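Engineer: As a plain string of letters, each chain reads:
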Amino acid sequence: MANKRLRTVELPEHPDFLWTQKSPKKSYDAIIVGGGGHGLATAYYLAKLHGMTNIAVLEKGWLGGGNMARNTTIIRSNYLWDESEGIYEHSLKLWEGLQEDVGYEMFFSQRGVMTLAHSVSDVRTKMRNYYANGVADIDSEWLTPAEVKKIAPVVNISDDIRYPVMGATYQPRAGIAKHDWVAWGYAKAAGDMGVDIIQNCEVTGMIIQDGKIQGVQTNQGDILAEKVALVGAGHSSVLAEMAGFQIPIQSRPLQALVSELLEQVLDTVIMSGMVHVYVSQAHKGELVMGAGTDAYNSYAQRGGFHVIEHQLSAAVELFPIFERAHLLRTWGGIVDTTPDASPIVGLTPVENLYLNCGWGTGGFKGTPGSGWVMAHTVATGQPHELNKGFNLNRFKTGHLIDEHGAAGVAH
Amino acid sequence: MLNIPCPWCGPRDETEFHYGQEAGVAYPENRDEISDELWAKFVFYRANPKGWHAERWVHSAGCRRWFNVWRNTINHEFGESYKPFEPQPKSPA
Ligand SMILES: Cc1cc2nc3c(=O)[nH]c(=O)nc-3n(C[C@H](O)[C@H](O)[C@H](O)COP(=O)(O)OP(=O)(O)OC[C@H]3O[C@@H](n4cnc5c(N)ncnc54)[C@H](O)[C@@H]3O)c2cc1C
Ligand SMILES: [Zn+2]
Chain A
0 MANKRLRTVE LPEHPDFLWT QKSPKKSYDA IIVGGGGHGL ATAYYLAKLH GMTNIAVLEK
60 GWLGGGNMAR NTTIIRSNYL WDESEGIYEH SLKLWEGLQE DVGYEMFFSQ RGVMTLAHSV
120 SDVRTKMRNY YANGVADIDS EWLTPAEVKK IAPVVNISDD IRYPVMGATY QPRAGIAKHD
180 WVAWGYAKAA GDMGVDIIQN CEVTGMIIQD GKIQGVQTNQ GDILAEKVAL VGAGHSSVLA
240 EMAGFQIPIQ SRPLQALVSE LLEQVLDTVI MSGMVHVYVS QAHKGELVMG AGTDAYNSYA
300 QRGGFHVIEH QLSAAVELFP IFERAHLLRT WGGIVDTTPD ASPIVGLTPV ENLYLNCGWG
360 TGGFKGTPGS GWVMAHTVAT GQPHELNKGF NLNRFKTGHL IDEHGAAGVA H
Chain B
0 MLNIPCPWCG PRDETEFHYG QEAGVAYPEN RDEISDELWA KFVFYRANPK GWHAERWVHS
60 AGCRRWFNVW RNTINHEFGE SYKPFEPQPK SPA
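Residue numbers (numbering that gives the first Met the number 0), protein chains in the order written: chain A, 0 to 410; chain B, 0 to 92.
It is worth saying that the hints were derived from the structure and are not from the lab.
Quick caveat, the model's predicted, so the values are computed rather than measured.
In this text, a Cβ means the ideal position worked out from N, Cα and C, and glycines have one as well.
Mixed in with the good hints, there may be bad ones.
Okay, the calculated bits of chain B under chain A, using three or more residues with CB under 8 Å as the criterion [as the list claims (entries may be wrong)]:
hint : region
1    : 17 to 30
2    : 48 to 61
3    : 66 to 75
Take the sequences, apply the hints, and build the full model.
Structural biologist: Below you can see the structure in the form of C-alpha cells.
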C-alpha cells in the first residue's frame, strides 16, 4: 500500500481560484442540479467521456457546502449484493486512478477499513458479507481479535467490555480521501473542459411540457436544457416534488466530529455498526468520528448532542486511549435515506429528467462511480448495466437491494 | 436535543421517545385489489417536506403511548400535538 503513511503530514497551500465564476447561459444541452461530489463527477464524466461540454452545474450554495465536505470520507466496496458490489467496486477502481485522471491531489489513502463484529449474530452477518465479497473478487479478509489488535493496537480487545470485539472484516484496498479536494479536483477539471459551474443558483421549479423536461426555473432566471439531472442528495424529495413525482426518501441529520490534532495512533479506518461509532485519523492528525443518523426528518444540517455523547461513550470503551482527547468541533449534514439503504440512480417519470439520490450515509465512496454511471445515463438516455438495478421502480417490483447489513450505521 | 410535547405527559427530552415518521398513514382498505403501485406507496413512501411535517412519536420511556405532532423540519420548532384518532389540527404554516 504505497499511500499508507505513519506520520502526520503538512497539507499544501490552498490554490486561489480553480474555476471561473460564470452566470448562466440561456440554454444548455444538459443541466446538473446540485454541486456536491456526485453532481460535479457527473459533469466531469459527461465532458470527458461523452463529449458533452455545453452543460452546467447549478449549486444553490457553494460547491461542497452539502454533504460532500461534511462526510468522514470512508471509501470501501465490500457490500453484500451483486448490484452494490458492482457499483461500489467500479467506484473504488476509479478512485485508484482518480488523482492522475483528474490531475489533482486528493490525498486518497488506501489504509484499509476494518469493520468490527461484537456478537454471534454480528459475526455471522459479517462472515456472510466476507464470503460474498470473496465470490465477487473483492478483496476482503477475516480478522480474529488478535489480528485486529496487530493492525490497530489502540483497539481494546478484552472480553470484559459490554460489546467485546469478536472478529472483523478487513478490506485492505479501502481507505479515505480529502473530500473538499475531491470536489475541487472534479470542479477544476470539468471547468477546464468548458463546463459552467454556477454557484448561488437555486433551482426553484422545473419547466415540463408534455411529460418532457424543458429546463429549470432558478433565482437567476429560467434556464433551458435538453436534459436535466437531479443530484441534490438531502434535498432530492424537494426537487422531485418540483417535477411532480414522489420518491421514497427520508432526509435525516447525520453528524460527525473531530478532535484536536494528535500524534498518529491509528493508520487504518475502524467501523463498528453495533456500537455506532467509526473512526479514522486524518492527514493532519485529528481523529475523525461519526455515528448513526438522528432519528427524525430534518433539513437543518444539525442534530442532537446526545447522539455525539452516545458515539463517544462507545468510542472510549473501544479505544481507551481516546479518553483524553478533546472534542474540537461537531457538525451535521442532511442525508437522503432509502428503505433498502441503496441509492436510486436512473430514469424518472418525466422524459429526459434523471435522478441520482438516496446514497444516504454512505455516498462519498460512490462519488466517482455515481458520476460515471450518471453521465452514461444522461448521455445515452438509458441506465448503464451498473446502475440498472438501482432504479426507482424497484420499490414497486419488490426487487430491493437490501444493504442494511453492509451499510448499517455506516459509511 | 429536541424537547417533545407528549399530549399526555407534557414536554420531555427526545431521548425518551422513538420516531414514527409521517402521521396518519392508513392501512389500505381494499387490499386484495389495489395495485403494486399503491402497495409501494403504502409500504415505502412517506412524506419528507422541507417545512411543517405532521409526524408520529412514541413516548417509549414515559407513558409508552403513540401520538402525533407538527414539527418544522427546517428549524425543529414544534407545533400542536394530538392523540391518535383525534382530528389533525391545521398546519402552523
Ligand atoms: C456527517 C456525514 C458523514 C458521512 N460519512 C461518509 C463516509 O464516511 N463515507 C461515505 O461514503 N459517505 C459518507 N457520507 C455520505 C456522503 O457525504 C453523501 O452520500 C454524498 O456526499 C452525497 O452526494 P453529494 O456529494 O453529491 O451530496 P451534497 O454535497 O449534499 O450535494 C448536493 C448538492 O445539491 C445542492 N442542492 C440541493 N437543492 C438544490 C437546488 N434546489 N438548487 C441547486 N442546488 C441544490 C445542495 O446545496 C448540495 O450542495 C457522510 C455524510 C455525512 C453528512
Ligand atoms: Zn407521554
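Engineer: Now, for every hint given, state plainly whether the structure supports it.
Structural biologist: Right, here's what the structure says about each hint:
Using a Cβ-Cβ cut-off of 8 Å, 3 residues of the region 17 to 30 of chain B lie near chain A, which meets the minimum of three, so the contact claim holds. With 4 residues carrying a beta carbon less than 8 Å from a beta carbon of chain A, the region 48 to 61 of chain B meets the three-residue requirement, and the given coverage holds. Against chain A, the region 66 to 75 of chain B contributes 5 residues with a C-beta closer than 8 Å to a partner C-beta. That satisfies the three-residue criterion, and the hint holds.
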